[in-house]
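Asks: One letter stands for each residue in the lines below.
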Amino acid sequence: MEWLPALVLVHIVGAVLGAGGATFAEINLVRALRDGEISPDESELMKGAYAVLRLGFFLLVLSGFAFLLYFRLMDKTEFLYSPEFWAKLTIIGALSVNAILLQTRKINILWGSAISLTSWYAALILGVLRKMDYPYFATLLVYVISVVVMFFIVRAVHKKFCPPHTTNQKTS
Amino acid sequence: MDTNNDKKIQKIQAAAEGIIVVAVVLAVLTIVGELWAPLKNTLKSIFTHHWLGKSALSIIFFAVIFLIRSNMHADMTKLPRKIYAAVWISALSAFAMTAFFIAHTLHLF
Amino acid sequence: MTPLLVYTLITHVMTGILAIGLVHLVFMHFLKKAPSWKYLQALSGWSVILFLVSWATSAFYYVTYYGKAVKPKIMGGAYPWAHQVFMEAKEHVFVLLPFLTLALWLMIRLLAKEQDEKLKKAAMFVAFITLSLGAFIALSGILISGAVR
Chain A
1 MEWLPALVLV HIVGAVLGAG GATFAEINLV RALRDGEISP DESELMKGAY AVLRLGFFLL
61 VLSGFAFLLY FRLMDKTEFL YSPEFWAKLT IIGALSVNAI LLQTRKINIL WGSAISLTSW
121 YAALILGVLR KMDYPYFATL LVYVISVVVM FFIVRAVHKK FCPPHTTNQK TS
Chain B
1 MDTNNDKKIQ KIQAAAEGII VVAVVLAVLT IVGELWAPLK NTLKSIFTHH WLGKSALSII
61 FFAVIFLIRS NMHADMTKLP RKIYAAVWIS ALSAFAMTAF FIAHTLHLF
Chain C
1 MTPLLVYTLI THVMTGILAI GLVHLVFMHF LKKAPSWKYL QALSGWSVIL FLVSWATSAF
61 YYVTYYGKAV KPKIMGGAYP WAHQVFMEAK EHVFVLLPFL TLALWLMIRL LAKEQDEKLK
121 KAAMFVAFIT LSLGAFIALS GILISGAVR
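Chains as they are written, first to last, in this note's numbering: chain A, 1 to 172; chain B, 1 to 109; chain C, 1 to 149.
These are computed hints drawn from the structure, not numbers from a lab.
Computed from a predicted structure; not experimentally measured.
All the pointers check out, no bait thrown in.
Subject to a maximum C-alpha distance of 27 Å in a straight line, what follows is the list of computed DSS-like cross-link-like pairs (lysine-lysine):
#1 C:38 <-> B:7
#2 C:71 <-> B:44
#3 C:120 <-> B:78
#4 C:121 <-> B:78
#5 B:78 <-> C:32
#6 B:78 <-> C:33
#7 C:68 <-> A:76
Build out the structure end to end from the sequences listed, making use of the hints.
Replies: Right under this line is the structure:
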């Protein structure tokens, strides 16, 4: 059986669920904060989005390591030292740390949302732009700039749709 | 306090102490083994491979300490401190071994 | 590589990653206001079993194949430090993980019956350090595999 198409499919599904989950988590958050507080129903809706996001993360990581095994067994290991692969790993690492910081309320929700959204879409984009050999630090610089830009976008959206003083609202 | 919970507390204490010993023994065997060939060779001759020897000794040390200490009195109030000690010593052991191999590769040892 | 070695390597990597993933779930679940202790017991229990399986399969692969077939390739290639630093560190640091997750499982079993805030924080710390060491080991695995050319 040819495993590569199956691995690619699971990896794509993981990335899509993650990016989709992060997007809907943010949409649901903004909708929930429109009236200044998060009701139990709204909280349940967001929990659903976070569950999808977590499933996406696990599928991404599991299939990612399955790829590693596949390339190792096919003797095609050069990819494992490529700059864009390590940039993607760094971004997944940032995503993981961000999740912990958000859960422990150690990061502002706007920055947390910005990092989450940017990281998921960056993982998707880097997956599409394979074999382009972008330098590691240049990729990360673009990523950091994108996070900052995303922060201002998320902040503008919250300013427009959410009442004042709700940007530090804690999610359930 | 419930006897069942007492048993659980004893087991956790025993596990924490077992981890402390394993972490120290592992770091010592690993670092000394690299610096002093007879130790590594002895492990190899007994266990067919030095790493198998370290794994086996880790299991043996943990099992012995766990079995002995899990039947001895344990104080719930001191349990968190023992756990933190076990975790910090494990982290230190991991750091020491990694730092050693970096230094060894750079021919500092 | 024989089919047995292929399946051994696959089992070693996937059970290891799954175990680390479960510890990650345990840690994140601890951060909730009201963790489900039954769920945490299952997650931590499975992580112990998976780490033991990963340990056993790594032993077979390492002793019967890695030393004579893979290590020479790495040492003779462009990245000998992948073995000298990362493989050497990984194979020893890994030994700590099954014991740490066993302690975690035992702590969760007690916390399910007797709530203690200090013990809960200690258990979270165990999960966090296990996760950190696990992440280091997983990344080391990538570097080692990538150096085999």
